[in-house]
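> Sequence:
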Amino acid sequence: MVSDLGFTLFQTPIGICAIAWDRDGIVRISLPEPSEAHVRERISRHLPLASEAPPPPAVARAIDLIVALLHGVPADLRGIRLNPRGIPAFRQRVYEAARAVPC
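In terms of numbering that gives the first Met the number 0, the sequence shown opens at residue 0 and continues consecutively.
Certain hints may be false.
What follows is a set of in silico ranges between Cβ atoms, one per label pair, in the way DEER data are often shown [stated by the list, open to error]: (1) D3 to G71: 29 to 37 Å; (2) R92 to A52: 26 to 34 Å; (3) L30 to G85: 13 to 21 Å; (4) V100 to G24: 18 to 26 Å; (5) R22 to Q91: 14 to 22 Å; (6) R77 to A36: 26 to 34 Å; (7) D75 to P47: 16 to 24 Å; (8) P47 to Q91: 33 to 41 Å; (9) P73 to E40: 16 to 24 Å; (10) P47 to V72: 19 to 27 Å.
I should point out that these hints are in silico values taken from the structure, not numbers from a laboratory.
Cβ coordinates follow ideal geometry from the N, Cα and C atoms, glycine included.
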């Protein structure tokens, strides 16, 4: 069985991060770790079926927005499509409330 989970690493002003997605949206963003190997290990631990791949256009746009925001450029992240798979209902409500706040 081939997984529909993909991930990629990307450089930010705070270090190397990772973003993972499936056909329904972004499923995980990993904060910086000391090295690329550590970032990959964290993604593999949480999403063992994910394969490293170039991001699809929507995920590439999300990366651009995240990097811009971390550079201090106002960026509206509310339009990024998320897939809340495996996230408890309470946390989903917290994320929805946080996403409603303008940058």
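> Each hint needs a verdict: does it hold in this structure or not?
Comparing the hints with the structure gives:
1. Here the CB-CB span from D3 to G71 is close to 34 Å, well matched to the stated 29 to 37 Å.
2. Checked against the hint of 26 to 34 Å, the C-beta distance between R92 and A52 comes to roughly 31 Å, which is consistent with it.
3. Range check, L30 to G85: Cβ separation about 18 Å, and the 13 to 21 Å hint holds.
4. Between V100 and G24 the C-beta distance comes to about 20 Å, which sits within the given range of 18 to 26 Å.
5. One distance hint, 14 to 22 Å for the beta-carbon pair R22 and Q91, holds here, with the actual separation near 19 Å.
6. Distance hint check: the CB atoms of R77 and A36 are about 33 Å apart, consistent with the given range 26 to 34 Å.
7. The hinted window of 16 to 24 Å between D75 and P47 is violated, with their beta carbons roughly 33 Å apart.
8. Under the hint 33 to 41 Å, the C-beta atoms of P47 and Q91, about 23 Å apart, miss the expected range.
9. The beta-carbon spacing between P73 and E40, approximately 33 Å, falls outside the hinted interval of 16 to 24 Å.
10. In this structure, P47 and V72 break the distance hint of 19 to 27 Å, their C-beta atoms being roughly 35 Å apart.
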